[in-house]
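Given these sequences and hints, build the entire structure.
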Amino acid sequence: MSLLSLIWHDVWVKKTRSVLTALAIAVGVMTVVTLGIVTDSIRATAAGVLEVGSADFTIAQQGVSDILQSAITDAQLAQVAQEPGVASAVGVLLDTENLNPENPLVVEIGIDPDDLSDFGVQIVGGKAFDANATDQVMLGSRLAANLDTQVGQQITIADGPKTVVGIFNTGNVFGDSAVMFPLVPFQAYEKQPGGLSLLFVKVTPGSDVATVEQAIDDAHPTLVGIASLAQFGRADSSYQLITAADQAATIVAIVIGAIIVMNTMLLSLVERYREFGILRAIGWTRRRIVALVLGEAIMIGFAGAAIGVGLAWGLATILSRLPDLVGILHPTYTAGVFVRALLTAGAVAFLGALYPAVRAARLSPLEALRRE
Amino acid sequence: MSDMPTAMIEAIDLRKSYDGGVIEALDGVTLTIAPQEFVAITGPSGCGKSTLLHMLAALDRPDSGTITVDGHDLTDLHQPNRYRRDVIGLVFQLHNLLPHLNARQNIEVAMMGTGHSRKEQRARANELLAAVDLGGLEERRPPQLSGGERQRVAIARALANHPQVLLADEPTGSLDSAAVERTLALLASLRRDSDVTIVMVTHDPVVAAATDRTIHLRDGRVSA
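Taken in sequence, the protein lines are chains A and Z.
Quick note: the first sequence uses the working numbering, first residue 1, plus one each step.
Quick note: the second sequence uses the working numbering, first residue 1001, plus one each step.
Honestly, the hints are just simulated from the structure, not real lab data.
Any given hint could be a false lead.
Below, computed lysine to any residue pairings styled on SDA-like, alpha-carbon distance capped at 20 angstroms [what the hints assert, rightly or not]:
{"id": "1", "chain 1": "A", "residue 1": "Lys14", "chain 2": "Z", "residue 2": "Pro1099"}
{"id": "2", "chain 1": "A", "residue 1": "Lys14", "chain 2": "Z", "residue 2": "Gln1144"}
{"id": "3", "chain 1": "Z", "residue 1": "Lys1119", "chain 2": "A", "residue 2": "Ser5"}
{"id": "4", "chain 1": "A", "residue 1": "Lys14", "chain 2": "Z", "residue 2": "Leu1101"}
{"id": "5", "chain 1": "Z", "residue 1": "Lys1119", "chain 2": "A", "residue 2": "His9"}
{"id": "6", "chain 1": "A", "residue 1": "Lys15", "chain 2": "Z", "residue 2": "Leu1101"}
{"id": "7", "chain 1": "A", "residue 1": "Lys14", "chain 2": "Z", "residue 2": "Glu1139"}
{"id": "8", "chain 1": "Z", "residue 1": "Lys1119", "chain 2": "A", "residue 2": "Leu3"}
{"id": "9", "chain 1": "A", "residue 1": "Lys14", "chain 2": "Z", "residue 2": "Lys1119"}
{"id": "10", "chain 1": "A", "residue 1": "Lys14", "chain 2": "Z", "residue 2": "His1100"}
{"id": "11", "chain 1": "A", "residue 1": "Lys191", "chain 2": "A", "residue 2": "Asp95"}
{"id": "12", "chain 1": "A", "residue 1": "Lys15", "chain 2": "Z", "residue 2": "His1100"}
{"id": "13", "chain 1": "Z", "residue 1": "Lys1119", "chain 2": "A", "residue 2": "Lys191"}
Computed footprint of chain A on chain Z, listed as stretches where at least three residues anywhere in the stretch have a Cβ under 8 angstroms from a Cβ of chain A [what the hints assert, rightly or not]:
{"id": "14", "stretch": "1054-1065"}
{"id": "15", "stretch": "1090-1099"}
Yeah, the Cβ is synthetic: ideal placement off N, Cα and C, and Gly gets one too.
Below, the structure is given as structure tokens:
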């Protein structure tokens, strides 16, 4: 008989205890994984925002709760464009609109047609809109397909019907799901003349991106550069908040899960004093006892992880169908989600079982054998 | 295993007290047991016979005195678990089998960590169960066995790693007379067919009479 088969046997024989412990771990895993899925979804959106402009880095207003609420002026755009090392700076005004129940969160991008090329836009159908046209839009290829709309057709968006004059590709899911307006009419519609949301900056060849970004940060205290997803929280406090909440919830879930596992294992330890005494009396080492108890907990932990991932999948699916979250939350089940589940369950099981395992190993065999 | 010693077990002036010296469990016990001897340790309740057996099993230590088993100085034993696994076999009055494992698994558990493959463990367990006349009951768990059968599984487990010494603490204490006879016959056959030294604690003079020699303890001392 191997240690692994004994561990499996013990877990299987003590089904009720194993199932209850696995469920406790599953709840922790579910919490962590669901939050992870939500955070990943938000992260994917953030990454989309950063990548849509094909820029070296993005500039936003510092300290806003949501990066889409960032407010920059065209005067600031002009200043940034003059900074050393800046090859081009494209300013866009962003908003979102609930187009229909299937498309509850369509991103609207106001952009000057002269900047389309620098912004990484490739027109794949029709033409670019005119700079001052109030009734023209271009649709991202995904959105056009989604709306089943062709060049020349009309859609009702913003302040009324608009003609789709072009279909574009950006090579980015976020961008290709957006609708683009000529900047000036869009600023007027948004009642933000001269207003922008984000600046997308490309540096001159040979310039160091971080150095240029830092120089702009230093020169413009109200602006903040974002060169990577890791820096996204600098401009979007909601993102920062949810990332922090995700981390805090993970810690809380692990601690609570570990306490539940420890409680269960300690109760089980009392029931199993005699068993451990027997094993020590017939020559088992302390290390082997520790391995047995930890092994049982970790095996139960993996079962809890599997249940927890299933529960998280269900919860994330329900959340993504809530009216307030349709189109916002796109659950993605990456390998990272499963690694996270396994790590959480492993940590919960290991931390929860460590103390009971050490106590079991330290039992005097004689004392343990005398216990009833 | 060391070279064959003249004494398999040698205890000199063993002393052990509890409750700050109020209870003198062993009060200068000195004894020698030869290899392959079958010895009974008898005496009234509280005379120290179980304490002595626990010391021979390295489950307890004397306050003073020396104790050597198969050349191992038990007062200076660095790996008592290894000693219990490789040198001795232990049989308890209440069999102390693991109730959730079947008869064969109870024996295999004693062989874990010895380097034997699962196949070898299984073969050895089946061989031992056959030797104690329990062939065919390998899959039964302790609650599905009679008291005598459980005790024979416990003896088989104690023999799993080919011990030099078999230590039995009242192995017949909870058995009916038929099971007592059968257990004694099994121990006698072990004595006859193997080179194991057997030390059996018992308070039953009839059981003690089945051994080669009786060491009688009284008030923590050897009295005969």
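To see whether the hints hold, each was checked on the structure:
Simply put, Lys14 of chain A and Pro1099 of chain Z have alpha-carbon atoms about 12 angstroms apart, close enough for the 20 angstroms limit, and the pair holds. The suggested pairing of Lys14 of chain A with Gln1144 of chain Z holds, with an alpha-carbon distance near 18 angstroms, which does not exceed 20 angstroms. For the proposed pair Lys1119 of chain Z and Ser5 of chain A, the alpha carbon gap of about 13 angstroms is at most 20 angstroms, so the pair holds. Restraint check for Lys14 of chain A and Leu1101 of chain Z: the C-alpha separation of about 12 angstroms stays at or below 20 angstroms, so the hint holds.
The hinted pair formed by Lys1119 of chain Z and His9 of chain A meets the criterion: a straight-line CA distance of about 18 angstroms does not exceed 20 angstroms. A threshold of 20 angstroms between alpha carbons decides the hint, and for Lys15 of chain A with Leu1101 of chain Z the separation of about 15 angstroms falls inside it, so the pair holds. Using a Cα cut-off of 20 angstroms, the hinted pair Lys14 of chain A and Glu1139 of chain Z holds, with the two alpha carbons roughly 18 angstroms apart. Distance restraint check for Lys1119 of chain Z and Leu3 of chain A: the Cα-Cα separation of roughly 14 angstroms lies within the 20 angstroms cut-off, and the hinted pair is therefore satisfied.
Restraint check for Lys14 of chain A and Lys1119 of chain Z: not satisfied, since their Cα atoms lie roughly 26 angstroms apart, outside the 20 angstroms limit. For the suggested pair Lys14 of chain A and His1100 of chain Z, the alpha carbons sit about 9 angstroms apart, so the restraint of at most 20 angstroms is met. This hinted pair checks out: Lys191 of chain A and Asp95 of chain A have alpha carbons roughly 12 angstroms apart, not beyond 20 angstroms. Proposed proximity of Lys15 of chain A and His1100 of chain Z is supported: the alpha carbons are some 12 angstroms apart, at most 20 angstroms.
Between Lys1119 of chain Z and Lys191 of chain A, the direct Cα distance comes to roughly 82 angstroms. Violation of the 20 angstroms bound is thereby established for this hinted pair. For a cut-off of 8 angstroms, the count of residues in the stretch 1054-1065 of chain Z with a CB near a CB of chain A stands at 4, and the three-residue condition holds. For the stretch 1090-1099 of chain Z, the stated coverage by chain A holds: 5 residues have a C-beta nearer than 8 angstroms to a C-beta of that chain, and at least 3 were required.
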